[in-house]
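*Asks:* Take a look at the letters that make up each chain.
Protein chains: 4
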Amino acid sequence: MAGNSFGKLFILTTFGESHGKAIGGIIDGCPSNIELNLEAIQRELDRRKPGQSRIVTQRKESDTVAFLSGIFNGKTTGAPIGFTIQNENQKSKDYSHLENTFRPSHADYTYAQKYGTRDYRGGGRSSARETACRVVAGAIAKQILIIKGISIEAYVSSVGGISLDKSHKELDLSKTEDSIVRCPDKKIAEQMISRIEEVRKSGDTIGGVVSFVAKGVPVGLGEPVFDKLHADLGKAMLSINAVKGFEYGSGFDGVKLLGSEHNDSFISDVDGVSTETNNSGGIQGGISNGEEIYGNVAFKPVATIMQQQDSVDKEGKKVELDGKGRHDPCVVPRAVPIVEAMAAITVLDFLLRSKATQV
Amino acid sequence: MAGNSFGKLFILTTFGESHGKAIGGIIDGCPSNIELNLEAIQRELDRRKPGQSRIVTQRKESDTVAFLSGIFNGKTTGAPIGFTIQNENQKSKDYSHLENTFRPSHADYTYAQKYGTRDYRGGGRSSARETACRVVAGAIAKQILIIKGISIEAYVSSVGGISLDKSHKELDLSKTEDSIVRCPDKKIAEQMISRIEEVRKSGDTIGGVVSFVAKGVPVGLGEPVFDKLHADLGKAMLSINAVKGFEYGSGFDGVKLLGSEHNDSFISDVDGVSTETNNSGGIQGGISNGEEIYGNVAFKPVATIMQQQDSVDKEGKKVELDGKGRHDPCVVPRAVPIVEAMAAITVLDFLLRSKATQV
Amino acid sequence: MAGNSFGKLFILTTFGESHGKAIGGIIDGCPSNIELNLEAIQRELDRRKPGQSRIVTQRKESDTVAFLSGIFNGKTTGAPIGFTIQNENQKSKDYSHLENTFRPSHADYTYAQKYGTRDYRGGGRSSARETACRVVAGAIAKQILIIKGISIEAYVSSVGGISLDKSHKELDLSKTEDSIVRCPDKKIAEQMISRIEEVRKSGDTIGGVVSFVAKGVPVGLGEPVFDKLHADLGKAMLSINAVKGFEYGSGFDGVKLLGSEHNDSFISDVDGVSTETNNSGGIQGGISNGEEIYGNVAFKPVATIMQQQDSVDKEGKKVELDGKGRHDPCVVPRAVPIVEAMAAITVLDFLLRSKATQV
Amino acid sequence: MAGNSFGKLFILTTFGESHGKAIGGIIDGCPSNIELNLEAIQRELDRRKPGQSRIVTQRKESDTVAFLSGIFNGKTTGAPIGFTIQNENQKSKDYSHLENTFRPSHADYTYAQKYGTRDYRGGGRSSARETACRVVAGAIAKQILIIKGISIEAYVSSVGGISLDKSHKELDLSKTEDSIVRCPDKKIAEQMISRIEEVRKSGDTIGGVVSFVAKGVPVGLGEPVFDKLHADLGKAMLSINAVKGFEYGSGFDGVKLLGSEHNDSFISDVDGVSTETNNSGGIQGGISNGEEIYGNVAFKPVATIMQQQDSVDKEGKKVELDGKGRHDPCVVPRAVPIVEAMAAITVLDFLLRSKATQV
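Protein chains in written order, with the working numbering: chain W, 60 to 418; chain B, 60 to 418; chain A, 60 to 418; chain Y, 60 to 418.
One or more hints might be untrue.
Which copy is meant is left open, so a pair is good if it fits within one copy or across any two.
To be verified - Calculated lysine to aspartate or glutamate pairs in the DMTMM-like style (CA-CA distance at most 25 Å, straight line):
1) LYS225 with GLU212
2) LYS207 with GLU257
3) LYS376 with GLU351
4) LYS414 with GLU94
5) LYS207 with ASP312
6) LYS228 with ASP330
7) LYS245 with GLU256
8) LYS80 with GLU147
Read the hints as simulated data drawn from the structure, not as lab findings.
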């Protein structure tokens, strides 16, 4: 209720500030008797961790997850899975100058006003560091989904103005991890990397888009009328730091189409019913129809820039902020595993929910 | 949990199918001792109802709401508010041909698969008729919000390719209701109306965008980290029938900006702290910052078209569907009060939630 | 969240005041494709309705339920089931003398203080009339449970000091409905009836105990650690008007036993594992173990008595209250179907929850 | 939803098995800006910890809590409070004989059946060790409640057949901690201690009752109709390991009273409205009325006894179990802080919920 939990049946609750002792979480409702590959979970964290390439923040954190409960002899027991990730990089001194100052487009001002107090060391609770816990839960969700034949993949489709002009169907997503920007098209990836390096050199930041696709989702996931599958997917994505927009299927471009162009005709063959086109994005009436579920998530440029900015302090006095610290020039390469995690958690949650429809 | 409730503290639960006896709902958690203007609630319903103008469906429903509880001597009592809206237009015969057929891009197929049965009279539960109940709850939420100085306004900003090129700041939103398409710019409105009439004549449909703005929202609404204010606003909008995308503040366009362009500088004057620009859309770190909250909601073209379409039936056999019935050529004029309702419910819910932060 | 909903997956939300237009509710999460016997639902309501015998209130209400949605061609569709029960007995004049007065041990004072206003016609929302809606949902739950071989039975085991000295195992529960007091032992039933008539003649009221037993509950229902099956059963019962206590299995008497006396030995035969004794009341570690689940629910004497009582009014001035109206001298005969309903709703909810434990 | 969370606004989620690495939890929704006394939290844990006296288990655990987040410069920040308690006593070898065996009246059988697997080291998740996390959250809740003038006290009122015959009003609760059995009446306490020692010597266990009283609770806490204050208090208590019953106010004894005896007359003086008697237990219509809230919680005898018992193994074969390990002969002395914790968490949760009733 205070907003630190996500999911109805597969529930992730997280805790932790960027510069506290540790971050962590509890996964409640994880199905029992699932054999977990703990190394694979760590690998997902490594895809998100800082310092992994030259185009992300050079901060150093190993982001090693420790599981404290809910797993016995390599299998889930049905009990809640508690886990922690130690914060190794807690040099509070870097942040002492921020105690009384509100950084532009950060959460400093809103947190201070809402809570009447603020952990001013880094972003505190508002730091994207919290998303590491989502990646842990997402990695577990993915391992369960794959047993059911469901896969989730995300990739960078836009950095600044440089965009892929191909849909996920035309891309070879097995190539996403080949480039440090996580764009599966080699040529566009290189342009994106150049753009990010250029922006970083100028002490600035740039936004981008992460696209995702879920394959193998069975018919029937999603609960009318408020908990439509895409509504909760949208909430999942919009809850990620820096996200400003979400669309699925035909999305914002679909508004320009005629109904006769947009409608997806049903066809039928030996494999059952499917649709000829997929403007619906695999969801009709809020419920998955068996087609691929796909969409886009828009990330704004990171607020921390290496340039001087005007702002105000607690007393409302004008102050000048220097650009300091080690931050991402563009968040999307590291956001890919986070988008995958939130999609996986959401789909698994609805998979469990779908089981309660019939006795 | 089965998806027919929205909100955590101000909770709307709805029931009803398009061709059942009635639709209705329960509003639980409505603050007590609020004097309600019941005529104003009905007026909001009238903005949504069919038959209101030549560019919407010509179906006839008076959409009269009857309140059954929770209001005594004109005031809310704190008890749940039960209400019903009778379905006057229940001619099931219009729909008998649909018993075994799945209409393209409707929810027929997914409902049938999910539930193993289907109320095939019209859209049943998947019909946008359900949104009338949202408008009732939204109208009550609006009346409470206005006491706190908070207003919610929506308008049509795009129909097909015809779009406003002005932001809400440059528009006179008091003119929205002057045009049947609910676009506040008279010239663009006329173009939109022409486009809808043209599309209707061809038996087709077209999509559009509804924009919204919430003014007067105090600092501090929104719960980190999963229940960010914009995440729940996004879910609220994405749960409306036919919505394919949501963005707030700078939205999808913001991804092209540099951090130095996107950041909103804080300034301070006698009225307190504010921001010079508002790319943040009034929300920072998921919490309202006192600026105007604004965004866009994308609606796809209505799936029911007056043209012949291919489809399949229950057994997977190919069938031809004739275009029948009286449907909207474009949903956005009637969607304006729905978008307002969902925004109002969401903001009021978070207003109540914010009260629980401090003892 | 405002307390008018019960259940996590099979969710009942109710509305309505004793003297408003109607009471009613929404059942969300009802499994689809279940053939419902609507007459059987009405029969359950008839077991609860006023005027059914000489030992209950002589108020007249037919308590006829009307279903508005969620049922099509006799079967549940998976959509929410909306229903109403009209209030036929709305003579507000009977209650005008209560506008400014707080009746002893009623909810008048606490409602007025909590909400700053009060529907003073009868009990308003605090009236036990609301429980009719629980009986509707419970009757549906029972019909679903019986398909799975689960039955729920309740009976009166004590009125004032007159108590059954037999456990449910020694009683013939098919005889419960043979007596108007709903005690399956004819001799004790007659004593109870005499006691109630005596108490009624003196213008007084008396308390009692309703016992329940659930048979055929499969192993595995109940969620550790907070949602133990008996914890939610206890909450379900304690939420019924006038309930002061709940115990299950050995209950309060169990505290006097030694562990060696209390422990239920496991035995095994062709039918599988069972226990020799059942002090555990069919629940171990909060999870059903396949044995019969049984317990007791304590009801205080009804607060409305036909005697003069001292009280205070809104201004704190002393007032004398006359005994008026038509009320139950003892609530337990009519509480039997309510206890059954709450048990059925709870068990069905956990049955649905148990499905989400494994993928 | 999987049952490891408690509360709606002040929410405790726990994790951990008795013989895993650690137990712990997350408190979400804790009001911000509260100065916490961490030593006082540890003192509450010390009241629950094993080895504290000769009449409890002699197992050794320091039960030291470590806070990982949500507290900054000694104050709560509004962010979730993550905490862990290391398990120091993880000698799994003690439990290897239990891998295939179901101990009578333990949760071994039901967990194995429900989850298809089981952490057989000690009680695993079903161990009362989990309640240490409740004590942490309860200790924080108490510190917040006391700021609002609300205190919660519990004490042992019965061990086996030895019972206090005084109500909380006649007792000096400041003396509860003077005796190792936590009964405030010295003479009865000594009898209880002798009884427990006697039972322990015979390798057996015995049940008991913990009584509680909450003073200073303001009028207005509790949500009709399902979330009555006593219904959630009841659930809170029934969720504690080994609890078999709950009653409040007049409780089970109240069923024998006449309405004219049971009703609590309102009186009014300079301090406002109060009641002459308090059979209502401080709650009317599910809402606190300003009087003292009190009740009783029944604990069965601990299932682990130091005697040989018959049972069955996984294959249903008969086995003999030896009494092994170090367990409590009577759980109630250590249950006192747990009952207080659950009461405190519940009351604080409703205090926060009451804030959302009016805008």
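*Asks:* Each hint should be assessed against the structure and marked as holding or not.
*Replies:* Here is how each hint holds up against the structure:
1. When the C-alpha separation of LYS225 and GLU212 is checked against a cutoff of 25 Å, the pair qualifies only within one copy, where the shortest distance is 16 Å, while the shortest distance between copies is 37 Å.
2. In this homomeric assembly, LYS207 and GLU257 never come within 25 Å of each other (Cα to Cα): the closest approach is 43 Å inside a single copy and 47 Å across copies.
3. In this assembly of identical chains, the alpha carbons of LYS376 and GLU351 lie at most 25 Å apart only when taken from different copies (23 Å versus 53 Å within one copy).
4. Taking the shortest alpha-carbon separations for LYS414 and GLU94, both the intra-copy value of 21 Å and the inter-copy value of 19 Å come in at or below 25 Å.
5. Taking identical chains as interchangeable, the C-alpha atoms of LYS207 and ASP312 are never at most 25 Å apart, the minima being 32 Å within one chain and 37 Å between chains.
6. Proximity of LYS228 to ASP330 under the C-alpha cut-off of 25 Å is restricted to the intra-copy arrangement: shortest distance 20 Å within a copy versus 53 Å between copies.
7. In this assembly of identical chains, the alpha carbons of LYS245 and GLU256 lie at most 25 Å apart only when taken from the same copy (16 Å versus 46 Å across copies).
8. In this assembly of identical chains, LYS80 and GLU147 lie within 25 Å of each other by CA distance both inside one copy and across copies; the values are 8 Å within and 21 Å between.
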